[in-house]
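Chemist: Residues per chain are reported as follows:
2 protein chains.
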Amino acid sequence: MLPFELAEYHERVKKTKEKMVAAGIDVMVIADPANMNYLSGYDGWSFYVPQCLILMLDREQPIWVGRGQDANGARLTTWLDEENIRAYTDDYVHSAVKHPMDYVADIIKAEGYGDKTIGLEMDAYYFTAKCCKRLEMKLPNAKFKDATLLVNYVRIIKSPREIEYMKKAARLVEKAMQTAIDYINEGVRECDVVANIYHSMISGTEDFGGDYPAIVPLLPSGEKTSTPHLTWSDEKYKRGDTVIIELAGCYKRYHSPLARTLVLEPAPAKVHDLAAVVVEGINAALDFIKPGVTAAEVEAVWRKTIEKSGFKKESRIGYSMGLNYPPDWGEHTVSLRPEDNTVLQPNMTFHMIPGIWLDDCGVEISESFLVTENGCEVFANFPRMLFVK
Amino acid sequence: MLPFELAEYHERVKKTKEKMVAAGIDVMVIADPANMNYLSGYDGWSFYVPQCLILMLDREQPIWVGRGQDANGARLTTWLDEENIRAYTDDYVHSAVKHPMDYVADIIKAEGYGDKTIGLEMDAYYFTAKCCKRLEMKLPNAKFKDATLLVNYVRIIKSPREIEYMKKAARLVEKAMQTAIDYINEGVRECDVVANIYHSMISGTEDFGGDYPAIVPLLPSGEKTSTPHLTWSDEKYKRGDTVIIELAGCYKRYHSPLARTLVLEPAPAKVHDLAAVVVEGINAALDFIKPGVTAAEVEAVWRKTIEKSGFKKESRIGYSMGLNYPPDWGEHTVSLRPEDNTVLQPNMTFHMIPGIWLDDCGVEISESFLVTENGCEVFANFPRMLFVK
Numbered sequence: 004m005l006p007f008e009l010a011e012y013h014e015r016v017k018k019t020k021e022k023m024v025a026a027g028i029d030v031m032v033i034a035d036p037a038n039m040n041y042l043s044g045y046d047g048w049s050f051y052v053p054q055c056l057i058l059m060l061d062r063e064q065p066i067w068v069g070r071g072q073d074a075n076g077a078r079l080t081t082w083l084d085e086e087n088i089r090a091y092t093d094d095y096v097h098s099a100v101k102h103p104m105d106y107v108a109d110i111i112k113a114e115g116y117g118d119k120t121i122g123l124e125m126d127a128y129y130f131t132a133k134c135c136k137r138l139e140m141k142l143p144n145a146k147f148k149d150a151t152l153l154v155n156y157v158r159i160i161k162s163p164r165e166i167e168y169m170k171k172a173a174r175l176v177e178k179a180m181q182t183a184i185d186y187i188n189e190g191v192r193e194c195d196v197v198a199n200i201y202h203s204m205i206s207g208t209e210d211f212g213g214d215y216p217a218i219v220p221l222l223p224s225g226e227k228t229s230t231p232h233l234t235w236s237d238e239k240y241k242r243g244d245t246v247i248i249e250l251a252g253c254y255k256r257y258h259s260p261l262a263r264t265l266v267l268e269p270a271p272a273k274v275h276d277l278a279a280v281v282v283e284g285i286n287a288a289l290d291f292i293k294p295g296v297t298a299a300e301v302e303a304v305w306r307k308t309i310e311k312s313g314f315k316k317e318s319r320i321g322y323s324m325g326l327n328y329p330p331d332w333g334e335h336t337v338s339l340r341p342e343d344n345t346v347l348q349p350n351m352t353f354h355m356i357p358g359i360w361l362d363d364c365g366v367e368i369s370e371s372f373l374v375t376e377n378g379c380e381v382f383a384n385f386p387r388m389l390f391v392k
Numbered sequence: 004m005l006p007f008e009l010a011e012y013h014e015r016v017k018k019t020k021e022k023m024v025a026a027g028i029d030v031m032v033i034a035d036p037a038n039m040n041y042l043s044g045y046d047g048w049s050f051y052v053p054q055c056l057i058l059m060l061d062r063e064q065p066i067w068v069g070r071g072q073d074a075n076g077a078r079l080t081t082w083l084d085e086e087n088i089r090a091y092t093d094d095y096v097h098s099a100v101k102h103p104m105d106y107v108a109d110i111i112k113a114e115g116y117g118d119k120t121i122g123l124e125m126d127a128y129y130f131t132a133k134c135c136k137r138l139e140m141k142l143p144n145a146k147f148k149d150a151t152l153l154v155n156y157v158r159i160i161k162s163p164r165e166i167e168y169m170k171k172a173a174r175l176v177e178k179a180m181q182t183a184i185d186y187i188n189e190g191v192r193e194c195d196v197v198a199n200i201y202h203s204m205i206s207g208t209e210d211f212g213g214d215y216p217a218i219v220p221l222l223p224s225g226e227k228t229s230t231p232h233l234t235w236s237d238e239k240y241k242r243g244d245t246v247i248i249e250l251a252g253c254y255k256r257y258h259s260p261l262a263r264t265l266v267l268e269p270a271p272a273k274v275h276d277l278a279a280v281v282v283e284g285i286n287a288a289l290d291f292i293k294p295g296v297t298a299a300e301v302e303a304v305w306r307k308t309i310e311k312s313g314f315k316k317e318s319r320i321g322y323s324m325g326l327n328y329p330p331d332w333g334e335h336t337v338s339l340r341p342e343d344n345t346v347l348q349p350n351m352t353f354h355m356i357p358g359i360w361l362d363d364c365g366v367e368i369s370e371s372f373l374v375t376e377n378g379c380e381v382f383a384n385f386p387r388m389l390f391v392k
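Protein chains in written order, with our numbering: chain A, 4 to 392; chain B, 4 to 392.
Extracted from the complex, chain A is given alone in its bound form (with noise of 0.2 Å):
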């Protein structure tokens, strides 16, 4: 059941722990389910009660810990030995008195490191202040440190079959961004769409099928534009209603983002305008890409290339990603953003989406894209406008 070879897994071990050693950490507690996975191949959706894997630099394999009922998934769907998947017992689930994070103090005292220097993704999504606060009061010999994101450095430069899934993720967005562009009309209900939408992009093609994306669908109409994470309802769309369309194709985990924007006329002129120069801002950033330039270097571009027509935008114009669980697909490491000073490397990979969203309105037109040797390929082969009907 694996998706990558033994090597690869390997191979992102090996620089896990380089940059444990250029941290001066001796073990990590990884709870990023992506980075879980990453590493060990572990595919649940069992997030939702305390698991990690522990990485020690002077063991081959990292240890999974997890819930009782949990342990035959990790058997199932990792490369880890049986010595190394450690389930605890179900009395630790939701418990006001025992806490699954003492269970994997435990671990760690037993394996001998209760007095090393242990790294914590500090700001990872469940990975919470309890889980925290109980690592330091069952290890109080050992030396804590915060190692957000080092798991998240690795995942920066996909391997080939990686892309591979990516490019099978962009074949199921833009079957799934079909599908919502067709079935978008006045009268239509909104749950309608995603029905069909969600419908597209899992059964996929008929060589392969898709997986639940990090994001559900993001589809805000009419005044609910002027905002990007608002979801859908069942109301029905009336002429006059911009809709903003984002979503994900997911193969193995793998994402690969589009938006869009569809306009049922009569729209203001506002949206074309603003469509007009997201697009052209686009271009621009797109065009200047390759390897040896920078995240805010594109920003600029970018701003630079929508400075003359009087719109702004405050916030991001986008961020790696690939591998992911809800809720990002982001990877939460380099933003295409003023302050970002990364320099990109063929085969990063990024979600650009510059979207603009004023009081009463808004557009979002988005393209992922990778970094070639020579400047970027986009991943989703999907017209690069705003949509009228």
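Keep in mind the hints are simulated off the structure, nothing from the lab.
Please note that the accuracy of each hint is not assured.
The list treats identical chains as interchangeable, and a pair is accepted whether it falls inside one copy or across any two copies.
In silico DSBU-like cross-links for lysine-lysine, where the CA-CA straight-line distance does not exceed 35 Å [claimed, not checked]:
(1) K101 x K316
(2) K136 x K293
(3) K273 x K315
(4) K239 x K178
(5) K20 x K170
(6) K316 x K141
All values derive from a computational prediction rather than experimental measurement.
Using the hints, position chain B against chain A.
Modeler: Frame of chain A; chain B shown alone:
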């Protein structure tokens, strides 16, 4: 757009403040998205960046804090006045320098609560270890108390409107479950079944559509039924497969979960035996439920009923649920298990899911129910049995 009367939100805030007073807490930082929705109405897929409500004893309304681009979402979905919608700028997002909780701390100080007792949801999803550390660092004169589940325990008794929404969610899950049972067959791909399930649960009925459930459809098949939380693949079902189907309908973020198991004969006799035992156990436990009995007593009835079969279940058989966001529809308050002596009261709502997972197979059959004045009422009307094809 509010799904509840203003008076209901006021009542929820009042009850929360009463619990704060009882716990000696002056101000709560409420980061659990379900608790944010419960108190303010806020509804958006923005919990992938830090956000919260700040609830102060001497202010009528909570203060919503979120990212700039989501402020219009708060304006559109909450009952809060403009002065109580506070947004941080985009340079706080996924930054190595700034953190959104710095902004929260600034508000707490400015409102005169910098040296008061602050309640934190230490074990809530999305309230990361770093969120906590930043508040502690920025508010050195405050006293912090763990207030995990304080609001969740207010949510435990449902209002008539909440129950109405859960009944609508039950109509959605009946429809989606029927779709699953109808479509699963030899030679059909798992992803195509899930595509149809999604279509069913989201297009809903002519009268209302469905929202996204807090957990994706869980459909382990074959040996993957030995564990509950694996999702689908694009493999085809085979003769002899057992398929577990765990779904929830969701209406305005309120859930009605339901699990059933289906076999494509010839199935091992063990699966038939297991299903018969699970159904008998559920029947006995549901018959026993009425106000005044405890969660532990309900579990004991189940355990005693199945004891003679020789099968064992080590994990809890159910939990309180209702309003929620990914990754869980459970409320993390009451569990139906030996250690939980909570007394059941009218208008509590539970998912009873006594799944049993053996080494090579498993069975899940579940019911969501409402505690009534004299007993309990099951939400979904769906045959409680093993489905055989």
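Chemist: Checking an output row: K316 and K141, CA cutoff 35 Å. Within, between, both or neither?
Modeler: Between copies only: 30 Å across chains, 47 Å inside a chain, cut-off 35 Å.
Chemist: Within, between, both or neither: how does the pair K101, K316 come out at a Cα-Cα threshold of 35 Å?
Modeler: Between copies only: 20 Å across, 47 Å inside.
Chemist: Please sort K239 with K178 into within, between, both or neither, judging by C-alpha distance up to 35 Å.
Modeler: For K239 and K178, both the intra-copy (23 Å) and inter-copy (22 Å) Cα distances are at most 35 Å.
Chemist: If the cut is 35 Å between Cα atoms, do K20 and K170 qualify within a copy, between copies, both or neither?
Modeler: within (29 Å within a copy, 51 Å between copies)
Chemist: Regarding K136 and K293, is the shortest C-alpha distance of 35 Å or less found within a copy, between copies, in both, or in neither?
Modeler: neither (44 Å within a copy, 38 Å between copies)
Chemist: Taking 35 Å as the upper bound on the Cα-Cα distance, should K273 and K315 be classified as within, between, both, or neither?
Modeler: within (13 Å within a copy, 65 Å between copies)
Checked against the numbered hints listed earlier, the structure breaks hint 2 alone; every other hint is satisfied.
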